[in-house]
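Chains A and B, in that order, are what the protein sequence lines are.
Using the UniProt record's numbering, you'd call the opening residue of the first sequence number 1 and step up by one each time.
Using the UniProt record's numbering, you'd call the opening residue of the second sequence number 1 and step up by one each time.
Possibly wrong hints are sitting among the right ones.
Below, in silico cross-link-like pairs of lysine-lysine (DSBU-like), each with a Cα-Cα straight-line distance of 30 Å or less [to be verified]:
no. : chain 1 : residue 1 : chain 2 : residue 2
1   : B       : K128      : B       : K177
2   : A       : K150      : B       : K506
3   : A       : K192      : A       : K205
4   : B       : K732      : A       : K37
5   : B       : K177      : A       : K235
Output of the computed footprint for chain B on chain A, the stretches with three or more beta carbons under 8 Å from beta carbons of chain B [stated by the list, open to error]:
no. : segment
6   : 60-66
7   : 285-293
Because the hints were derived from the structure by calculation, they are not lab data.
Note that the structure is a prediction, hence the values are computed from the model and not measured.
C-beta atoms are modelled at their ideal positions from N, C-alpha and C, and glycine is treated no differently.
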Amino acid sequence: MMRLRTERKSWLWAPLLAILCLQACVEPFELETGTEKQSLVVDGLITDRNDTTLNKVTLSWTAPYNGVDGVVVKEPVSGASVMLYDNKGNLMQFRESYSGNYVLDESEYDARPGESYTLRIWLPDGREYASRPELLTEAPPIRDLGYTYKEFIEVVKNGSGELVEQTELGFEVRAEVDDPANAQNFYRWSTKGILEYHTIALEIKDPPPSTCWSCQGRINKTAVAADDAQVNGNKISQLVAVVPADIPTRYQATVQQFSLTPAAFEFWRLLQQQQTSVGSIFDPPPARIRGNLYNASDPEEEVYGYFGASGVAEKSLIIDRVRYYPFPRRGPYEVPMSDFRWGCLLLNPNSTSIRPPGF
Amino acid sequence: MALPHAQAQQEAGQRLVTATYTNEPLKAVLLDLQEQHALRIFYLDEWLDGVQVTHTFVAEPLPVVLRKVLTEAHLTAILYDPRTVVLVPRLSTDADTTEEREKSPGPDLANPGRGRMITLSGHVREAKTGEPSIGATVVVEELKKGTASDEKGYYTLTIPAGSYTLEVRSVGMVPDKRKLQLLQSRIVDVELFEVSNELREVEVSAVAPDQNVKSLEMGVARLSIKEIKSVPAFLGEVDVVRSVLAMPGVTTVGEGATGFNVRGGSVDQNLILQDDAPLFNSSHLFGFFSVFNPDMVEDVTLYRAGIPSRYGGRVSSVLDVKMRDGNKKIPVLSGGIGLLSSRLLLEGPIVKDKASFVLGGRGAYPGLLLRFVPDKSVRDSDGNFYDFNAKLSYTLSEKDQLMLSGYLSRDSFRFGTDTTYTWGTATGTLKWSHTFSNKLFSTLTGVAGDYAYGVSAETVPYNFTLDSDIKYKLLKADVNYEPSAQHKIGLGASSTWYNFNSGELKPSSDQSSLVQLSMPREQSLEAAAYLNHEYTLSPAISVSYGLRYSSYFNLGPGRVYVYNPEVPRRASSVTDTLHFADGESIKQYNYLEPRASVRVALGENSSVKLGYNRMVQYIHLISNTTAVSPMDIWKTSNPYLKPQIGDQVALGYFRNLHDNSIELSAEGYYKRLHNLVEYKDGARLLLNNALDADLLPGDGKAYGLELMIRRKGKKLTGWASYTYSRSLRRVKGPTPEETINSGSYFPSNYDKPHDFTVVLNQQLSRLISLSANFTYSTGRPVTYPESVSMIGGLLMVNYSDRNQHRIPDYHRLDVALTIDGTNKRGAKRLSSWTLSVYNLYGRNNPYSVFFKPAYSGNVPQAYKLSVIGSAVPAITYNFKITK
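Bound-form chain B, shown alone:
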């Protein structure tokens, strides 16, 4: 009984083979080996064509047998695990090493420092598609030294000359391990092969396995699209922002609220980039879905701290979403059908191996679901959204790459038969990357964008349209110079021009009593230059420091009200109006933004990191509702509305266990924020010419501790995080009207001290995986009534100071089951089904608490509003067809 079991457990490398092959086709030999030794061998049929094998083996070890039978086909066998063998083509460089190995003595590995330093560089690509493999880890085993490939798949390492084992790994790819004899600088390009479905979930990290400990980064969360897909989705819609919300330090005011809050910052303090184009609204359907088409996304990086100096313009965080390139080898059609929306994506080569395109579209039809609602005004409502991505990439030469990316989205939602909200984004990005040498790279990026939003109503005589928009143009240049392994220098400059239209009200017919009214357009220019130096002093200590200098101009044409300085600013206290001509500078602000971080290794598997950064934000979202609404306007800094400034200090401890399969981290931060935008009680924000008078500058402080444990590379993967954090604000003006809560600190709308999240993904079998997501957080602050009074027979409720109470706590469990149609490698048609249940135990999580009298004149009853009050099941079908 024990014998077959023992055999199964036996290492593939220790298996002995006895067989005789005479002019046997190689494929038959491999099939025979598979049969005899319970192996799975992966290869492409075309590699074996015409190769015949003649050999006799008597109790020879399997690796030796494989090497002998594969010699003629120029293949190398990789023993991936005891039952899996992956064949990869042997590159000419491998051949060199075998020949040279005998001739040159190996370097003195004990003292590698003595040898000459040489540079090893090259591209990592996906063999099937020819796409660059981003974030692949390239490790020299003997030196325990490694790097990750950049967004072009390029890697470079500076090491002493010698003979080494180079290992290249990437998500969902068979690792490539090869011996190299390195006597001078060399280019080694590596092609990686996709693993079959069984193996696909094994590797889910897009970065070096020890990135957690080894890199200088802290407060950075990287999610590959595979990880994003492993988080159970609401209504089966895979969503980038929902996955980001599962990271520590990221919260939202509630279900279906637009945007997210990072480390005590407001929604507009996140710089959201999609292929370098800033987005002003990351949500579809008021926040239930994010604007990123999951099929298009390559990877997502969220910087909560240690924000590199190449980013600027927002105070709290950077969410950098990279879209993927099209398949450079073959056309592929993929898509998905869900309850709420469907997706279709087409990609393929334009010029094989050189140029490719990808076109992706999504459309949603929430109107279908609305028909089942009893309320008539809801049934009359209708809505839709769509988005469309297109990307072209063209490899002009070995040194030049061109990328063109475009995005178009539109949301429209009509409430009842009357009010329609619309918003949409259009962006275009053109990027040219040039490699001067393997030490010097440059990119030039140009972006143009437009975010338009509005509301219209049809009831006479109050029919109107109210439209607003933001247009911007951005140009930036970045240069990376890596003179040696110890030094990485980045520098660049950028300039962004903004044009804001904060509202144009038009009566939509002659019967309308409304008069046309438009807010003056606002223009501004934001320019910045940065320099950053990353310096590895020793393997144990590395530092990165940088400086960003930003300069901001509020430009004319425009008018600025002068307020009577003796009384609180009000529309009625305007004493004079200053007029500025087109292009004239109304106000200038300049800031230096220092950034720095230090990493100290505490041994092989742990490190401590310390970081500081200052961020400055010149454009602001003006909203005094709990959740951001599509009517909220964006405003550029002016003489009264000063730039927001954020300073953050963060300290983190990072430790990896069990061969980097478990990552632990603890990060603490303390943040001070200045010139936050707060509002007078009941402020009117729309179409208010004297809006500056209703805005109050506030100070903020936020602090927290984020603990996280993450398991990677096993059948059970996922993470758990706990965050304790506070986010406080203070508004202390010269008069009571300009002061909130008597000038003391009060919790912000999204202050949720305790936050706990677990995301797990268990591979149940080759084809079936189960994922679950649990989240708990403290209820957010609200203002509750304290007493009531009667005014002219009408009841008036007297509320407490701002945000002095809390709504009940939030918790929720979601599960999803994914069933793959096939796990055959290289199958032409792939499909999968995802069954999910959101809010499994149907908790009525309160979104808000409000007060409404049952009958007029009664004391209002407290009600809690839950946006999702029951379990929401969903089913989604995904497919992929390869020509």
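The shape of chain A in the complex, shown without the other chains:
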């Protein structure tokens, strides 16, 4: 049902609004309610794969809410001691790789599905935090990834404050999963993107590279979580990310699918609800999202975030956007010039000229 409520809700109120309010009725306004009190934020994960990019814990302080300039300064928490215990008392130690980032080295890793894990954190000031135990379960595989080329019509405000329609183009990426019928399953998806791009090859001796790949990092803009309550045993077709149709090159989307415990699903569901809510009258009122961490000596202290244990399944898809070129309402694409020394490497961040697997 969650799907039903969140996917539809985002535009539920808009029509009625617009009937009665032919002028702009949604206005930004200034609000500062920020509290100076800092609370600990924990973002931690243990998976069934020995991978330091997955098995890590990030510690930071909350930043005051400031809706006026909208800047978040994420202040890391360094020097903490972070340990992971399984239910037999075995211990795995995290190492601080850089400020506030703690990773579980491959040599330390010893996790397997079916076990429960508890995270413990000691801050340099002596405060001790712990998570509630999380059961690690395997994730069902992603059967297939698919995409649909689509126009998104949005109403935006133009320079003079009028509401106008604007057409955005993109590729909706969907993960298809055969939901196992024998169990209750909870899922979360995260999608990473790699953009291929070209520059005009230079006709010189030893030319710099003219085809590059830029790692775009996570491209899903909100948390994406679902359960099988309404589709148990059937096909799940979940929209996981949108790839923009801006330049006519290939684009790789890599979807990671995480299994969740019921409590972790509750956390991610509420976060997704918060991120997709438009404040319509049918949206549940916003509320604090409680995680599974607590101060071992002061249970009243607010601690944010979640420590999760997940099985991971992964699949990639390449979208050949050239096939859809030209994109309506966009001018013809002009291939940019190469830099004489670096070729295409400087055009986008996190770029490489080494062909990534899949391309």
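Take the given structure of chain A and dock chain B to it, following the hints.
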């Protein structure tokens, strides 16, 4: 210069007439008198047929002249005001009195208590239509004693034998004043005549002029349809619920929100009755309009406190809407055309003076307005609603009346091309009233109703329909016994059977990935019996006390989950399931609901009233959104979901000034509520088999002071009210998961401490009236973000405790101008235009404040959403055609 002016000011009664009439038709005589003395005389032509007048007057006072010329036509003249004379037929009873007056000596008026007590009773009817005149005041002037006619137009008074002046008044009717010689109990039926338009707005009260001070009622607001029409309407649509919102102690969470909140209670705590049929949704188009067809409404009563023991089943208030009977004399067609909807109503006799029908329909076409919206998904949206009322009333005999009333409504709204919301109500009421004697009456009422609601979507593979409904059948019997003027006894019993379907999800095609899922049906039975005694100890002190006993059964078939008592209730903590057979009692609750009120008069024009009532509610609306949505389900009490209980104490001071034309009241109340339905943060309410685990029982307290001043019966009428009130809640469960805001009191979603409303209606000329409505209230509570944190590169906003901040204050001014096409009495065609502007100064009242990032990963910007962000003008045309 001063002379004509002085004459105009002169009392009609002091005018002197000099004239000679020889075999002059009476009509010509009256026309002559009108001309000569700048009078307006109202009568029906047929009364004058064939009457000729031969008289000579020399400087005789006008009343004497009128009496003489009217003798033969059997008419009596009433000097309504210095320029207006109304003729009414003389009844045989009047004739008696003139003859008897000389013979029997008048009673000792100084000591009326010594005389024999006799009963005066009868019916008050509208002369033109034969409909009962409800709430007409019947006053014996000499005794300063009066009563109001009941819903059948019946009145009864017990007074010492003697000779009196009886005055009968009703809204928009010419008052009837007559001398009576009462030596034994007598029936005096009175027919009242409609006043012309000029006079129509003069009287707007449906109750006794001193009802405010004299009745035992407190916390009761009565609105006649004429008053409702005097409140400027949104998009020109006259609306019952909007008028109710202008009363003190009634609030809403925002514009376009379904329902209303009374004295700190939630939307589902109002018992909404339309011709005795309970309604589960009072709104069309998500709350912009109410379901009551204004042309059909007779009057509206809202009980905020002092709820009579004949009502039960909801904790906060009772909104009793009575629909009117059809015209018993002639067929009438009326209707109206507006920007958003149109109305048509046909009424007339089936058997003249005995049986009548009325059929009313409304249809709306918001789709027309949607086409002008730039957003494509809005343009693709479409919606409509209609409602249909039918009512038959049949006077079987002098003692028996039968009434059949039916209602059907349907709302459908499609958002974009995909999601469609629908809801509709169907009810039928059959009522038989029987009069055993003028002291004993009974009514037997049967109601059947169905409220169905649902949502459907068409996008593959998530296409589905989700339907829910509530069915009920209700039977009740009420008996009123009035053995003497001091005692009124009411007793009765009722029984209601409910059947709830809280959701059935069906995939709407083979491609759909959704699986069929239905929530188990729930059944329950609510039975109640009550007894009430109203006792007037002395003219200064009266009491009313009563007791209602309600008994509730949650019936099988059904299943009940058993939760592990060691951990918070969750879907995952179910340990066992109990199964119950069809008709088996799953859970029973019984409650005694005492009600009481006392009135102490502090002199002629003021009184103090004190009241207490307990109310119990067995069915609940499950909603955790700010405004109630058409998807929200109703649920019946079960072993986990306990009945809500409300206790209220209220104290009021009432004072009337200037011949009852100004009413002042101050009412304070304190309320405790138990077992309110609250929710865990982010609770999932739809299609949740373990819903009981997501619901939290809460306590509530509400208190407030309501001040009101009201002006009636003048060219400028209206009211102003100020309310200070609080509505607080507390949820203190055994674990943090079952506790909200650490177990301390927090404001409810509709806690608006300051509320100020003014409604004014000024008669500018005979045909034109101007009305205005201003309202101000404190912004309602919301939860604001306090800090932000990053989770996996995604921004998470950390909100404050529940409802710790407020949105900006709300205020709005509306105006309306009504122009009547004619003010001729008895015109066959009437029409009027209403021009209105809602939200005149175009304030962007925030409906809600929400937070949305401009770009992903940014701190969300605060936005305020205004449902109506500009002035909304509207024009409506109304007409009435009489055969």
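Status of the hints after comparison with the structure:
Simply put, K128 of chain B and K177 of chain B have alpha-carbon atoms about 18 Å apart, close enough for the 30 Å limit, and the pair holds. For the given pair, K150 of chain A sits about 28 Å from K506 of chain B by alpha-carbon distance, which is consistent with the 30 Å threshold. Proposed proximity of K192 of chain A and K205 of chain A is contradicted: the alpha carbons are some 35 Å apart, above 30 Å. With a C-alpha separation of about 25 Å, the suggested pair K732 of chain B and K37 of chain A falls inside the 30 Å cut-off, and the hint holds.
Distance restraint check for K177 of chain B and K235 of chain A: the Cα-Cα separation of roughly 81 Å exceeds the 30 Å cut-off, and the hinted pair is therefore not satisfied. Check result for the segment 60-66 of chain A against chain B: holds, 6 residues qualifying (beta carbon to beta carbon below 8 Å, three or more required). Residues of the segment 285-293 of chain A lying with their CB closer than 8 Å to a CB of chain B number 6, which satisfies the three-residue condition for coverage.
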